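Asker: Using full-length UniProt numbering, the first residue of the sequence shown is number 1, and each one after it goes up by one.
Certain hints may be false.
Simulated crosslink set (BS3-like; lysine-lysine; CA at most 25 Å straight-line) [to be verified]:
id : residue 1 : residue 2
1  : Lys-237   : Lys-177
2  : Lys-508   : Lys-449
3  : Lys-449   : Lys-472
FRET-style restraints, in silico, Cβ to Cβ [what the hints assert, rightly or not]:
id : residue 1 : residue 2 : range
4  : Arg-418   : Gly-240   : 32 to 38 Å
5  : Pro-435   : Asn-265   : 27 to 33 Å
6  : His-172   : Arg-243   : 19 to 25 Å
It should be emphasised that the hints constitute simulated quantities derived from the structure, not laboratory data. Please read all numbers here as calculations on a predicted model, not as lab measurements. The beta carbon of each residue, even a glycine, is placed where N, CA and C say it ideally should be.
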Amino acid sequence: MKFGIALKLSLLLALAGALAAGLTGYYAFEASRTLLVNAAKDRLLTSTLVLARRVALAREEIERDLVLVAEHPAARALLQGPGTPSQQQTLQDLMVLMLQSQPSYFQVRLIAADQHGMERVRVDRAPRGPMVVADDDLQEKGHFDYVSQALRLGPDQTYMSRVAINHERGSHLGVDKPSLQLARPVRDAQGRALGVAVINIDLNGTFELLAKDMPESIQLYFANHEGDILIHPEPAKTFGFDRGRRIFIQDEFAATGPVVRGDNNVAVFESHEGAHANQPVVAAFMSQPLKVSSPETRLTLGLTQPLQAVLAESNRLGQTVLQIVLALCALSLLLALWMGRALTRPINAISHAARMVASGLPAGALPVERRDEIGDLARAFRDMRLQIGEQISELRDNQDELEHLAQHDPLTGLANRRKFQERLDHALAQARRVPQTVSVLFIDLDRFKPINDHHGHDVGDVVLQTVARRLKGVLREVDTVARIGGDEFVALLGAPATQEQLEAIARKLLTLVSEPMVVDKLQLDLGCSIGIASYPDHASTATDLLAAADHAMYQAKTAGRNTFRFFDATPPAT
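With these hints in hand, go ahead and build the complete structure from the sequences.
Answerer: Here it is in structure tokens:
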């Protein structure tokens with residue numbers, strides 16, 4: 001049988017068509033896998049940053065509860081003497097409310113500095129709710145570091161114990177469970193430490209609450225400053241040092257070594273070795289130094305997601321591509337017998353488009369107007385490219401949403417502390433170049449806690465949202481208003497302001513916030529206390545400027561609330 005040039009060309013064109021279809025499918029599949037993995041890494045890193053911020057906010061909320069106990073007049077009275085039954089009951093009621101509102105608290109205690117650290121007031125979480133511990137069951141705790149070390153702290157300092165399994169006798173639901181203690185000294189008027197306020201935290205419960213919105217496929221890891229695993233998807237690998245065997249996160253993920261040592265703050269990687277050889281994962285880990293006094297110098301937090309889950313969409317796309325390629329190969333073989341030279345140009349165009357897509361460039365013109373198999377191929381490739389583009393766009397939208405959540409308060413929509421800190425750092429850098437003044441207003445609501453406690457968190461949330469709208473209504477577009485936690489707001493003025501202008505702004509804020517509001521047919525009255533500080537008169541750094549405004553706010557509180565004060569470093573007269 002003689003093979004003519006037409007047959008040879010047809011066979012060659014059939015082979016070329018099959019090769020072009022295969023290359024198109026291969027490059028599209030590989031490009032989609034790479035894009036999906038990179039997007040998953042970015043998404044995990046953003047989720048890790050958000051979770052780390054939630055952890056920091058949770059710690060700050062616990063510290064505020066500690067301050068509330070440590071600075072309560074009844075606490076000082078009970079530590080300076082026997083106290084009265086009314087003072088004892090007041091402090092017990094406060095601790096019961098804390099346990100009722102914070103499901104992650106195991107205990108709240110007031111411990112004296114004398115009598116070997118005798119507990120004076122103690123409320124434990126029991127199966128049926130908060131339980132006040134009777135006098136005969138109170139224990140001596142002076143030998144624990146969260147008592148001895150906390151008593152040595154300076155003013156406005158908090159001590160955090162090591163994260164460990166709780167083996168303290170009589171701690172009820174917290175026995176033999178992962179926990180940590182935060183403690184703060186209770187001082188008399190002369191600044192002498194009378195004792196400590198202590199909150200025992202349920203570690204597992206805290207992280208379950210913080211990570212409850214994450215997808216089920218994402219797994220959480222937590223390690224101390226030496227890399228000992230504290231939280232792991234396999235409970236048997238946690239707290240190995242409590243059983244005489246240390247299990248380190250850097251042994252399971254070698255890439256986390258620099259993060260644990262503090263050489264790098266973030267590590268994003270894929271793991272295909274060791275325990276993850278059979279089921280590779282995409283991971284993002286980060287660590288930050290602690291801002292409290294603690295034997296733990298830094299903590300490492302990480303999230304992983306199975307690579308199989310990340311590539312599930314890519315695998316489905318690969319099956320579709322394979323089916324298209326096989327169909328087109330068979331079709332090309334049949335059509336090549338009479339298509340001849342007419343096939344060369346459109347196939348080359350499609351092959352070129354596949355290479356352009358694989359390189360991340362526009363595909364260019366495709367012969368989609370043809371009413372034959374080549375047109376089908378072109379349209380199939382176009383649809384596949386559009387499908388990939390839609391997936392990439394969706395991934396970018398999700399990443400933008402996560403980034404927005406990382407920089408904004410989810411309740412009020414205002415900027416959060418991270419976003420506010422960025423704006424403040426930028427404003428100070430610009431002010432140093434010009435130079436010019438930068439002013440910060442620290443706003444704390446008055447009488448918000450009774451409203452929140454009496455009418456519930458839903459009403460409290462509506463109040464916070466209403467206050468946020470009022471603050472934005474007073475301030476200009478160039479100003480930045482943020483909620484940094486609880487009922488605390490801060491405002492950064494976008495332009496220099498004189499003292500008279502600052503006073504006018506503060507009075508407008510006081511007037512607007514104090515206007516009555518109606519929530520669920522309830523008329524609620526509240527006010528606010530405002531502290532004002534300016535660069536460079538009151539502070540030279542962002543941290544000091546925010547602290548100065550906070551201090552001025554407390555001066556306003558001391559002056560009777562619902563007023564404002566400029567920062568004054570002069571101590572109050574005794």
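Asker: Indicate, hint by hint, whether the structure satisfies it.
Answerer: Each hint, compared with the structure:
1. Lys-237 with Lys-177: holds, 14 Å
2. Lys-508 with Lys-449: holds, 23 Å
3. Lys-449 with Lys-472: holds, 22 Å
4. Arg-418 with Gly-240: 32 to 38 Å: About 34 Å separates the Cβ atoms of Arg-418 and Gly-240, which means 32 to 38 Å holds.
5. Pro-435 with Asn-265: 27 to 33 Å: Holds - the Cβ-Cβ distance for Pro-435 and Asn-265, about 32 Å, lies within 27 to 33 Å.
6. His-172 with Arg-243: 19 to 25 Å: Hint holds: Cβ distance 23 Å, inside 19 to 25 Å.
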